[in-house]
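J.: Protein sequence lines, in the order shown, are assigned to chains Z and L. Heads up: the first sequence runs through residues 1 to 389, numbered per our numbering. Heads up: the second sequence runs through residues 1001 to 1357, numbered per our numbering.
Hints are computed from structural coordinates only; laboratory data are not their basis. What you are looking at is a predicted structure, and each value in this text was computed from that prediction instead of being measured. Heads up, a few of these hints could be off.
Only some residues are given here: those of chain Z computed to face chain L with a beta carbon under 7 Å [claimed, not checked]:
(1) V335
(2) P349
(3) R366
(4) I382
(5) V386
Estimated spans, in silico, between C-beta atoms of each pair [to be verified]:
(6) L:A1288 to Z:E279: 57 to 65 Å
(7) Z:H343 to L:D1005: 46 to 54 Å
(8) Z:Q263 to L:A1276: 23 to 31 Å
(9) Z:D14 to L:A1033: 34 to 42 Å
(10) L:A1276 to Z:R293: 29 to 37 Å
(11) L:E1013 to Z:R193: 48 to 56 Å
(12) Z:R180 to L:G1024: 26 to 34 Å
(13) Z:Q263 to L:A1289: 37 to 45 Å
No residue lacks a Cβ here, since even glycine has one placed at the ideal position from N, Cα and C.
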Amino acid sequence: MSASPSTILAEFRDDIRSFADNVVPALLREKSGRHQVLDKSDYHTWMNLLQRQGWLVGHWPREFGGQAWSPMQRFVFEDELARLGLPWILPFGVKYVGPVIYTYGSAEQKARFLPGIISDEQFWAQGYSEPGAGSDLAALRTRAERDGEHYLINGQKLWTTYAQWADWIFCLVRTSREARPQSGISFLLVDARTSGITIKPIRTMDGYRHVNEVWFENVRVPVQNLVGCEGEGWSIAKFLLKNERTAGAIVGTASHALRRLQQLVPTHGTPMLRDRTAELELRFLAFEASAYRAVERMQAGTESGGEASLIKIIGPELCQDILEATVEALGAAGVVFDVQALHEAAAPPLGPHDGGGLLKDHLYNRAATIFGGSSEIQRNIIAKAVLGL
Amino acid sequence: MSALDELAAMLREGIERYACDHYGPEARAGFIASSNGFSEQTWHDYTELGWLALRLPESVGGIDADPGAVAAVMEMVGRRLLMEPLLASAILGTGLILRLANNEQRTRWLPKLADGSLILACTDPRVSAAAPQLRGDHIEGAVDAVLHGDAAHLVFVFAREANGAALVPVLLDASMGCIERRNYRLVDGRGAASLRFNNAPVERLQSDGSKRAVAAFLEEADLALCAEAVGCMDSLLDATVKYLKVRKQFGVTIGSHQALQHRIVDCYLLLEQARALADAARGAVITAASERGRLLSGARAFISIAARRLGNEAVQMHGGIGVTEELEISHHFRRLMVNRALFGDRDWQFERFKECA
């Protein structure tokens, strides 16, 4: 590759920039650019804007309403949105369960669920992790027992992002205990309002509610909500996780965070901060180049098997270091935390107008090397799949 | 064991016992939710236990603790994440009064410090470029992020004399109308404030020797913050080692993986070095000024970096629960963030370390 990665699909990037300037409401752009806490209606507005543009499910096949984007188009799309400081696309419907349903689901499931995902009228959450099943996801114990035309679910899910907003939760559940752990797992679509479901917030140090515990007590789910066959859940989970990890947004997020740090150097900078920032710029350059190279290989079908993991390791670790340097550069303002201001899009008590948001992001991002497959698990994947260890 | 070591051990045990009985995670959460970010009751208990008289002379019923005993207290403050203004009031503010107040002022303030009815806060003399200006017995200017400035009755402000470059500590009554006070919370839950002075009257202390007093104040702050950080790191390492031994994934404890063993050993090595440097810095207070500066700033710079790394590793090895409010891990992580930002951050300390070399 000779061109700079940020010029790949330059016309598409121009369209996205013009969309950001002319279509995205100033208030939403400002809230997102300052890293404020977005609420459900902010996200709804955002997803609908993208859908009207034809971009929300651009990566889906045409027959289901998408534009059959290549992996590179999708990567550039997510990268560019994040570079511009625009909101995150909540992935649970459009990136996670949507592709699962059109790939593995029945005709009835496609007709029933895909329109609500595209219109963002149905909010989806992901029921994967459990107290004893984090990195070792296959150890999950939430049971689904067949009872006539229903499954009866009992168990507990953990770290369920935005479950408090969910209409539906897609869950990995254990339908059999005889076989090896992976083959006893099934993929179920659960109406979040079914009786027996209790959602409790988990309070995290970043000060806003995003993760939850979800308890299932004799929750009855119709058998037609099973995706694929019983025992096929693990294959589906792996398909989904690969989609989760190949995220262009991490490149754009790192770029956006780095630009903010660079702005701080002249006013807050010591010689040491200048050097630290330059080193982070260099690391970004290497990350961006290798991430795009990884996507090219995936697109060409010449992947080594470690590409998604490479992006998932380097990106979040780099973002963490950039945000750490940024918050430290803010000095005292970098340790003043006003959670209410973050929710009301108000200025923080001290420091630049986005200082509180940067601090919140710094705290939130400590989990970026944990969720979606920890950096340790990603390193195991590369050791095994690429290096043959 | 020497008498001094015995005093340190006694204070350490006393705080540990008190914290076990009265300072569990739930109690702490309650303290943070209260208006000052700490418990009035606990502050009162500290009076009874004598900890507020830590620095006070025996003549007023104080402990007259040596630096080793003060460090022992601060290490426990870090370990148990105590929220009360022990550092700002009982150590740094009291230290300034002991060094600079005249007899009349001492008589007025020391008993109130001992019984907890007077809480002090102190600004950071290191941000001297924008230091407030003195005009006679009045002050103009502003200071930000004064630790416990929200709860303090009196605030020590390091201000610049009208006639020159000298930075002198003066005392202000924080409740006066000519002081605008904006209160907020730091990321670790402790209170702080920004103060704006509009020709506010100050109370002066003996000005001769104030340069030496500023230096002594900063040394005391550096030593206390080193000890507090070591306490936090110790607690983080302890909790993480325990977790590695019990958390099972893939049928084995995660601590059985060599990759994680090596990482936690590196954390242990960082803590050992941090503790050794904190001790060395305390020992250096009796040596020549340049060597003292080198060791004090060196200790703070090294501990800032080591604490950051250990904090990051403790969160990462705990996984998701490492970022929750429920576990102390995230609280220690945030306490260390504030510790690093107070009285000279990493870069400031490193620059000073280089200058003194």
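J.: Evaluate each hint against the coordinates.
T.: Now the hints, each set against the structure:
Look at V335 of chain Z: its Cβ gets to within about 5 Å of chain L, closer than 7 Å, so that hint holds up. For the restraint placing P349 of chain Z at the interface with chain L, the shortest Cβ-Cβ distance is roughly 4 Å, inside the 7 Å limit, so the hint holds. For R366 of chain Z, the shortest C-beta to C-beta distance to chain L is roughly 5 Å, which falls under 7 Å, so the interface hint holds. For I382 of chain Z, the interface hint is violated, since its Cβ never comes within 7 Å of a Cβ in chain L; the closest pair sits about 13 Å apart.
For V386 of chain Z, the interface hint is violated, the least distance from its beta-carbon to any beta-carbon of chain L being 17 Å, above 7 Å. Evaluation of the 57 to 65 Å hint for A1288 of chain L and E279 of chain Z yields a failure: the beta carbon distance comes to about 35 Å. Range check, H343 of chain Z to D1005 of chain L: about 50 Å between beta-carbon atoms, so the 46 to 54 Å window is met. For Q263 of chain Z and A1276 of chain L, the Cβ-Cβ distance of about 39 Å falls outside the hinted range of 23 to 31 Å, so the restraint is violated.
For D14 of chain Z and A1033 of chain L, the Cβ-Cβ distance of about 50 Å falls outside the hinted range of 34 to 42 Å, so the restraint is violated. Between A1276 of chain L and R293 of chain Z the beta carbons are some 45 Å apart, a value that contradicts the proposed interval 29 to 37 Å. At roughly 54 Å, the beta-carbon separation of E1013 of chain L and R193 of chain Z lies within the given 48 to 56 Å, and the hint holds. Hint check: R180 of chain Z to G1024 of chain L, Cβ distance near 42 Å, so the stated range 26 to 34 Å is violated.
The given range of 37 to 45 Å is respected by Q263 of chain Z and A1289 of chain L, whose C-beta atoms sit roughly 38 Å from each other.
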